[in-house]
Each structure stands twice: as structure tokens, then as C-alpha cells.
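J.: Each chain, written out:
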Amino acid sequence: MTTDVKRPRSMTSAADTTFKNIIISLASLVLVAVFLYGVVLIAGGFPAFAREGFGFIFGLDWNPGTEKFQALPFIAGSFLTGFGALIIAVPLSVAAALFIVEYAPKWLAVPVGYMIEMLAAIPSVVYGLWGIFVLIPAVRSFQSWLVGVTGLDWTPTGIGLMSAILVLAVMVIPYVCAIARDVIQLVPNDQREAAYALGATKWEVIRYGILPYARAGILGGVILGLGRAIGETLAVTMVIGNASEIAKNLFSSTATMSSLIASQFGEAGGVQLNALIALGFLLLVFSVIVNLIARVVITKLTPVGTRL
Amino acid sequence: MTNAQENTAVQAKTFTRTVSSARQFQNAFVGGLIALGTGIVLIPLFLIVGQVIFNGISAISVDFFVQTERQMSAITGGGGVLNAIVGTIIMVGLALVMGLLIGIGTGIFLAEFSEHPLVPLIRVMSDVLTGIPAIVVGLVVYGLLIATKLTGYSAIAGGVALGLIMIPIIVRATEEVLKLVPTNIREAGLALGLPRWKVTLSIVLPAASSGIITGAILGVSRVSGEAAPLLFTSLGNPDLVWNILQPMGAMPLSVYNLAFKALTPAQNAQAWAGALVLMLFILMTNIAARTLSKRR
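Just so you know, the sequences run in chain order A and B. Residues in the first sequence are numbered from 40 upward in steps of one, following the working numbering. Residues in the second sequence are numbered from 15 upward in steps of one, following the working numbering.
Please note that the accuracy of each hint is not assured.
So the derived list for chain B, only partly shown, Cβ under 8 Å to chain A, looks like this [claimed, not checked]:
#, residue
1, I74
2, L158
3, I160
4, I258
Residues of chain B placed beyond 10 Å of chain A at every Cβ, according to the derived structure [said to hold, decoys possible]:
#, residue
5, L47
6, G145
7, P252
To be clear, the hints were calculated from the coordinates, so they are not data collected in a lab. Backbone N, C-alpha and C define an ideal beta-carbon position, used for all residues, glycine too.
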């Protein structure tokens, strides 16, 4: 009698297995994509790596005319603009995050937070356009003033490192600020209350009760901001000048890895094309490393209970 | 601020009378700096939004929406960005199909098959995809589709590039909302004898739909402003085309080209007008996503 009892449909359902297989194959496409990124960029960039060897990373000479392709000026450019932007953006972002979480009443904190997030929604090209028409003339007049005062032999153009740093700083602020806000919000109220109970002023509460707790999270946000800044392309391309050399001073024209790809790819052929793809591979490696470090910093260094 | 926090703040105020004036000064000084810093952060937003509206509005006309970039003239202005608007809609549409299919599938995998050994790896890889610069995505799609002659410079290549950027955004949104759906609902479905696929597709997904839609809108808002991945994939096209196998224009590409080419006041105004249209579209999608996620 019991032998011909039908098993419940759900346990034998072939449809279930099919469903699971479809879902797993869709999810595997994510792995395939990451794999393809590596393969395509390595394969495309290999001729340039093979030709220049370590010179590709450590050499200074990038000249399509003589077919020399060494990328150090652009690696330096990416990190110079990235760190430069962070120097401006981090204090401002942390200040804004503290203002929103600790100082402002709710009616002010909500719209201010909202407006800072809006900075992240403005497209890169719009920042670039603003850079070309507003920021560059402003930097140029500052440069003229500086030349007038110091007598340096610069030609004030406004195009270059400084403009790129300023644009990137504005673009990175919303990312650093969002993470700083989250981690400051997650600091347990006990910390605040304990500090107030000791007679601390508001600033002392923040200085000794909140910032030490939120430090690792904020650092993670700063590293993520660096990743953003290194990958940012068009806004930088539009204001940096794209000269194939390391910046001689804060105002001179230079290029980042991404701005060089954007500005030269259109006319590139032969080994130059390979070299630009190889540069893309370096960019991929840097951004993946930076992102993984940020994740580790946020999850490992933040005190238990305040994890995101 | 929570109640407890407010109470402590009130108590702190009564104590400040006994606090030394140096500490009081320091407290007020830093408070001022923090407010000043917040003000400085907001200045660029007002400047950029204000200038885009102020400079762009003069070149906005009906023609700007119904003519193409081919019809633009350096001296008189004229022409419009219809080719770019259509191109953006088509390519973002293609990206959305790809992003939703793979993104929701992966999100379901991460949330509903969480015991599967591949889950941690795929979650990390999806996060890695989030951090990859848009220009690199453009290079990869170039190498994958165009260098191999699978397609030429085309809308389909541009759509794939934008789709790759959209996938991790939708994965993240889907996984998060699926995890918010109570287990009871799944168990109720299974107890009624429904097979698991039906529980997931007809009970869990609909319960999470508004969150997934919010994620999709955020994804659309993010990729519609991207020009970097389109530079070497869809290439841009001053003419209106509907064929997805041909090079196609896009709003951010138009703004980029107009800004670089701009020499005359008419061209300047058109570049700003393009930026205005693009920014309005992105702000609108952003606000839509926020309103949806608040209602949830």
C-alpha cells in the first residue's frame, strides 16, 4: 500500500532543478564578466607589456611618434590628483557628516544630507563642462595673480593639475561623506552619554567619544573615495590638459591613466592601442586593490557593534 | 536624534556654566568650523546647478528636442539633441534588460540560495564590479565585441557596457530587499505545497518588487550620465538612428563633444543646454527612486 504513495510534487519537481540551474547560470555570469575583464585587458595589453617590460610601469617616456609607451607619468597623475582631491575633500566631508549627525536639527540635517547626495548624481560630463567654463577661468585668474606676485615664469592657462584636483574633490565629497555619516550614526549612544556625564563639551564628546570609534570606518570611506577619484574619467579629461608628462608644478598640464585613455584612444592604432588597453589593465588592478583594502579596513578595524 | 541623545544634550547645556572659558571657546570655534565646512561643501552644488540652468535655458527651445546634432550650426546655433535623447533611451533600455536579467538572477542566488558554496565568491565579485571604473568597462567591451568584429561601433556594444555597470547596482538592491522578505512567507508558500521556484517567483519577488524597482531606477540614473563607457563602444552619431547595430549618440556624449568643440557663444549655450536636459533627467529619476523607496 505505502509503496505507491506519491511523493510531494515539490520534492520531485524537475522545474525546481531547472529554476536553480537558471539562477546559478545567471549568477555565474558575474564571475564570467570579472574573468573576461582580466582576459580581454591582459590579451589586449600584452604586446605593450612585452615591448616595454617593467619600463611600462617605471618609465617616463610616452611618445606615440617614436612608439615609446611608458606609463609612469599617468600613474603618478592618477595618484597625485586622487590624493590632492582627498586632502581637500576629507576634512570637508567629515565636517559635513558631523554637522548632519551631531549638530544640525532634523529639519536642517535632512535637506543638507539630501543636497550632498545630489552632488553624486551630477554626471561627470556636467562637472567637466563646469570645469571648462567656470573653474578653469577662475584658476587661470588665480594663476595670473600668483605670477604677478611672485614673478614666476608660468603661462597662466588654468588647465592642469590644480583644476583636476578641485573638480575631483567636489566629486569625491558625497562618497566620503555618505560613509562618514553612516559610521558616525552607528557609534553607540553610550559613548556620547558617557562623555557628557564626565562633563565634556560637545566637541570633546566628538573628539574623544565619537571620532576614535568611527575612525576605521571613515578611513575605509576615504580609501573608497580614492578609488572613485582614480577611476573618474571625463571630468578630469576635460580640465587636466592631457600632457604626457609628470606635472612640473601644481598648475601644469598632465594626465591621469583614465584621462589619457579617453583622450588618445580615438586616434590610437597599433602598439599605442595595446598600450592604452594595458593602461586600462593597470587601472583595473589599482581600483580592485583599493576597493578590497577599503572593505577590509571597514570590516576588520571597526569596533564590533558599529559595523556597517 | 534619539530621545536619549536629546536628553544628554540638554544636560550638557546646563553643565557648560562650570566649564572653563577656554574649553567653551574651543567648543564654539570647532562648531563654527564644522558649520563652515558644511557650507563650503554645498557651494559647488549651488554653483553648478545654478550655472547649468542659467546658461542652458537660453538655448532650450522646441527645436532642441526635435532636431539633431547634424543640423547644428556654429554661428546661429539651431539643431538639437533628438539623436542623443533617442540614443540614450535605446542604450539605457538595452542596459536595463541586461542588468535586470542578470542582476535579479544573481540577487535571487545570493539571497535565496545562501547555503550554496559559490555565494561568498559571487558576492565579492559583484562588489568588485561596482568599483571598476567606467572607462575600463568601455575598453573591455571594445576588446570583446568591436576588436573581435562581433559587432562594429554600435548601440548594442554601448548597451552592453552600460549593462555591465548596472548589474552590480541591481544585484545589491535585489539581495537586500529579498533578505527583508520574512521567512514566514516562504514557509507558508512551501507548506501549501508550492514548488520552490514558484515561491520565489510568485511570492517572494512580488513582495520585494518595489525595492527592486528602486534599484533599477537608481541604476538607470547612474548609467544615463555615463559617457566614458560609450566613447569607444557606441562612438556617438550626429544623426538620428534606430538601428542598434549602428553607431549611436547619447546625451552625455553630446555634452562632452559640445563642450570640447564649443568656440562660439551659440555652441557654448548648446553645451549648457545639453547638460541641463541631462541633469534634469537624472535628478528626476533620482527623486523618483527616493519617493518609491520612502513609500515602501
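J.: Each hint needs a verdict: does it hold in this structure or not?
T.: Going through the hints against the structure:
Using the Cβ-Cβ criterion of 8 Å, the hint placing B/I74 at the interface with chain A is not satisfied: the shortest such distance is roughly 15 Å. Taken as an interface hint, B/L158 checks out: its beta carbon lies about 5 Å from the nearest beta carbon of chain A, inside 8 Å. At a threshold of 8 Å, the smallest CB-CB gap from B/I160 to chain A is about 11 Å, leaving the interface hint violated. The restraint placing B/I258 at the interface with chain A is violated, with a minimum CB-CB distance near 21 Å, outside the 8 Å limit.
With a cut of 10 Å on Cβ distances, B/L47 falls inside the contact zone with chain A, its closest approach being about 7 Å. In this structure B/G145 is not separated from chain A by more than 10 Å, as the shortest Cβ-Cβ distance comes to only about 4 Å. Chain A leaves B/P252 outside its interface by the beta-carbon criterion, the shortest separation being 15 Å against a cut-off of 10 Å.
Hints 1, 3, 4, 5, 6, counting from the list given before, are not met by this structure.
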